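Asker: Each chain, written out:
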Amino acid sequence: MVSQHAGQAETTDADSSALALKILVAGGFGVGKTTLVGAVSEIRPLRTEELLSEAGLLVDDTGGVDRKVTTTVAMDFGRITIRSGLSLYLFGTPGQDRFWFLWDELSQGALGAVVLADTRRLADCFPAVDYFEHRHIPFVVAVNCFTGARRHEEREVLRALDLDAGTPVVLCDARDRASGKEVLIRLVEYAGRMHTARLLDSVR
Amino acid sequence: MTEESTADGRERPGSEWYDNEAGPLVRPYAMTGGRTRPAPAGVPFDLIALVTRVPGAPGADTTVLGPEHRTLIELCRTETQSVAELAADADLPVGVVRVLLGDLVELGRVSVSRPVPPAQLPDERILREVIDGLRAL
Ligand SMILES: Nc1nc2c(ncn2[C@@H]2O[C@H](COP(=O)(O)OP(=O)(O)OP(=O)(O)O)[C@@H](O)[C@H]2O)c(=O)[nH]1
Ligand SMILES: [Mg+2]
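Chains as they are written, first to last, in the numbering used here: chain A, 1 to 204; chain B, 1 to 137.
Just chain A, with the same shape it has in the complex (with noise of 0.2 Å):
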């Protein structure tokens, strides 16, 4: 095995040139995360091992203190090549607040998300609203127009999610790739003039 010391150089610059972006997709149970991820990039599961005491699981009495019970947590993973050197990755989250831990190494340095919503149980979203409110990290809110839950108008769910002025709303059907990359533009766009205005406000 390789030894553990003298790692100064643990970040390098690998390629100043290629450029990533992150983008979460997520929203309550089974509201189509994992749909809207595969209709728009080529979707890989990724694994993810996380500590039984901080999954909020229980643990059985594990014995020693050396001994790391793990279970493994799968995301959905997809990447959008723009041009070689310019990516955008996609993370779909699991739908269980259990697993909210994740989020905050997923939203680290995210350009924005997309909330999935569906409006005949839009109160599964609230706690995305809420996270990613709090964070100050852009995001739209993309109502999946499942089979008779159409129509629904952008200006309701806006009111009743109570999001602030300006927070685009977006209707799709998540199993389409066109009305998905829409939802991703939207997005793009809208993250774009948040840092801007922020940035304004900084100098200002």
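Rather than coming from a laboratory, the hints here were simulated on the basis of the structure. Warning: the hint list may mix true and false statements.
25 Å max Cα-Cα, derived SDA-like pairs, lysine to any residue [stated by the list, open to error]:
1) A:Lys181 with B:Glu129
2) A:Lys181 with B:Leu134
3) A:Lys181 with B:Arg128
4) A:Lys181 with B:Gly133
5) A:Lys181 with A:Ile43
6) A:Lys181 with A:Glu133
7) A:Lys181 with B:Ile131
8) A:Lys181 with B:Val116
9) A:Lys181 with A:Arg193
10) A:Lys181 with A:Arg121
11) A:Lys181 with B:Arg125
12) A:Lys181 with A:Phe29
13) A:Lys181 with A:Gly38
14) A:Lys181 with A:Ser84
15) A:Lys181 with A:Thr167
16) A:Lys181 with B:Pro117
17) A:Lys181 with B:Leu137
18) A:Lys181 with B:Leu127
19) A:Lys181 with A:Arg155
20) A:Lys181 with B:Ile126
21) A:Lys181 with B:Ala136
22) A:Lys181 with B:Arg135
23) A:Lys181 with A:Leu122
24) A:Lys181 with B:Glu124
25) A:Lys181 with A:Val169
26) A:Lys181 with A:Gln108
27) A:Lys181 with A:Ala165
28) A:Lys181 with B:Asp132
29) A:Lys181 with B:Ala119
30) A:Lys181 with A:Leu86
Here the structure is a predicted model, which is why all the values come from computation and not from measurement.
Fit chain B with the ligands to the known structure of chain A by using the hints.
Answerer: Just chain B with the ligands, lined up with the frame of chain A:
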């Protein structure tokens, strides 16, 4: 979840599940000698940190490197890869990949770049490019 699943998880991998989200109990640190974080002190590599093979570094076939190390080196042979992609393509958990990459950085085989926070993007041009790129997909 039951007591049994913790006790037996290793003997019968894949047979115990918490639910659809949580996989079977695993102890992936066997591959990393029990280490849970990359060897060099500091922040763990971001999921979208980019990994590049160091040009001219010795090939992947030395004895210091385990098979997983070699897999990672192979995967970034053709183009720069993110940490998340390496984990997905090598079918290894992210934490394990981070540890292995720490080794490879120390050995001078790969370099890992810190992602640029969106707030520090040079200008709007990049985002414009992303939007145009998405339209053209
Ligand atoms: N009719 C219709 N069905 C959809 C749509 N989007 C997703 N579905 C279906 O809804 C189910 C759940 O979708 P997923 O994409 O797995 O949802 P998810 O958010 O990833 O679910 P979890 O990861 O379990 O939280 C699947 O059976 C999809 O095929 C949609 O726009 N319309
Ligand atoms: Mg899913």
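Asker: Now, for every hint given, state plainly whether the structure supports it.
Answerer: Here is what the structure says about each hint:
With a C-alpha separation of about 14 Å, the suggested pair Lys181 of chain A and Glu129 of chain B falls inside the 25 Å cut-off, and the hint holds. Between Lys181 of chain A and Leu134 of chain B the CA atoms are separated by roughly 6 Å; this keeps the pair inside 25 Å, and the hint holds. Annotation: proposed proximity of Lys181 of chain A to Arg128 of chain B holds, straight-line Cα distance about 14 Å (limit 25 Å). Of the supplied pair hints, the one linking Lys181 of chain A and Gly133 of chain B holds, its CA atoms being roughly 10 Å apart against a limit of 25 Å.
Taking the CA atoms of Lys181 of chain A and Ile43 of chain A, the gap is about 15 Å. The hint holds against a cut of 25 Å. Straight-line distance between C-alpha atoms of Lys181 of chain A and Glu133 of chain A comes to about 23 Å, which keeps the hinted pair within the 25 Å bound. The hinted pair formed by Lys181 of chain A and Ile131 of chain B meets the criterion: a straight-line CA distance of about 9 Å does not exceed 25 Å. A hinted pair counts as satisfied when its Cα atoms are at most 25 Å apart, and Lys181 of chain A with Val116 of chain B qualifies at roughly 23 Å.
Restraint check for Lys181 of chain A and Arg193 of chain A: the C-alpha separation of about 18 Å stays at or below 25 Å, so the hint holds. Note on Lys181 of chain A and Arg121 of chain A: the hinted pairing holds, with a Cα-Cα distance of about 24 Å set against a maximum of 25 Å. The suggested pairing of Lys181 of chain A with Arg125 of chain B holds, with an alpha-carbon distance near 19 Å, which does not exceed 25 Å. At roughly 22 Å between alpha-carbon atoms, Lys181 of chain A and Phe29 of chain A fall within 25 Å of each other, so this suggested pair holds.
Between Lys181 of chain A and Gly38 of chain A, the direct Cα distance comes to roughly 11 Å. Compliance with the 25 Å bound is thereby established for this hinted pair. Proposed proximity of Lys181 of chain A and Ser84 of chain A is supported: the alpha carbons are some 19 Å apart, at most 25 Å. Under the criterion of a C-alpha separation no larger than 25 Å, the hint pairing Lys181 of chain A with Thr167 of chain A is consistent with the structure, at around 18 Å. With a C-alpha separation of about 23 Å, the suggested pair Lys181 of chain A and Pro117 of chain B falls inside the 25 Å cut-off, and the hint holds.
Proposed proximity of Lys181 of chain A and Leu137 of chain B is supported: the alpha carbons are some 8 Å apart, at most 25 Å. For the proposed pair Lys181 of chain A and Leu127 of chain B, the alpha carbon gap of about 14 Å is at most 25 Å, so the pair holds. About 22 Å separates the Cα atoms of Lys181 of chain A and Arg155 of chain A, which keeps this hinted pair within 25 Å; it holds. Note on Lys181 of chain A and Ile126 of chain B: the hinted pairing holds, with a Cα-Cα distance of about 17 Å set against a maximum of 25 Å.
For the given pair, Lys181 of chain A sits about 10 Å from Ala136 of chain B by alpha-carbon distance, which is consistent with the 25 Å threshold. A hinted pair counts as satisfied when its Cα atoms are at most 25 Å apart, and Lys181 of chain A with Arg135 of chain B qualifies at roughly 7 Å. Proximity of Lys181 of chain A to Leu122 of chain A is assessed by CA-CA distance (about 22 Å); at most 25 Å being required, the pair is judged to hold. Annotation: proposed proximity of Lys181 of chain A to Glu124 of chain B holds, straight-line Cα distance about 19 Å (limit 25 Å).
Our distance criterion of 25 Å between C-alpha atoms is met by Lys181 of chain A and Val169 of chain A, whose separation comes to about 14 Å. Between Lys181 of chain A and Gln108 of chain A the alpha-carbon distance is near 23 Å, which keeps this suggested pair within the 25 Å criterion. At most 25 Å may separate the alpha-carbon atoms for a hinted pair to count; Lys181 of chain A and Ala165 of chain A meet this at roughly 23 Å. The straight-line distance between the Cα atoms of Lys181 of chain A and Asp132 of chain B is roughly 11 Å, inside the 25 Å bound, and the hint therefore holds.
Distance check on the hinted pair: Lys181 of chain A and Ala119 of chain B sit about 23 Å apart at the alpha-carbon level, within 25 Å; holds. Using a Cα cut-off of 25 Å, the hinted pair Lys181 of chain A and Leu86 of chain A holds, with the two alpha carbons roughly 17 Å apart.
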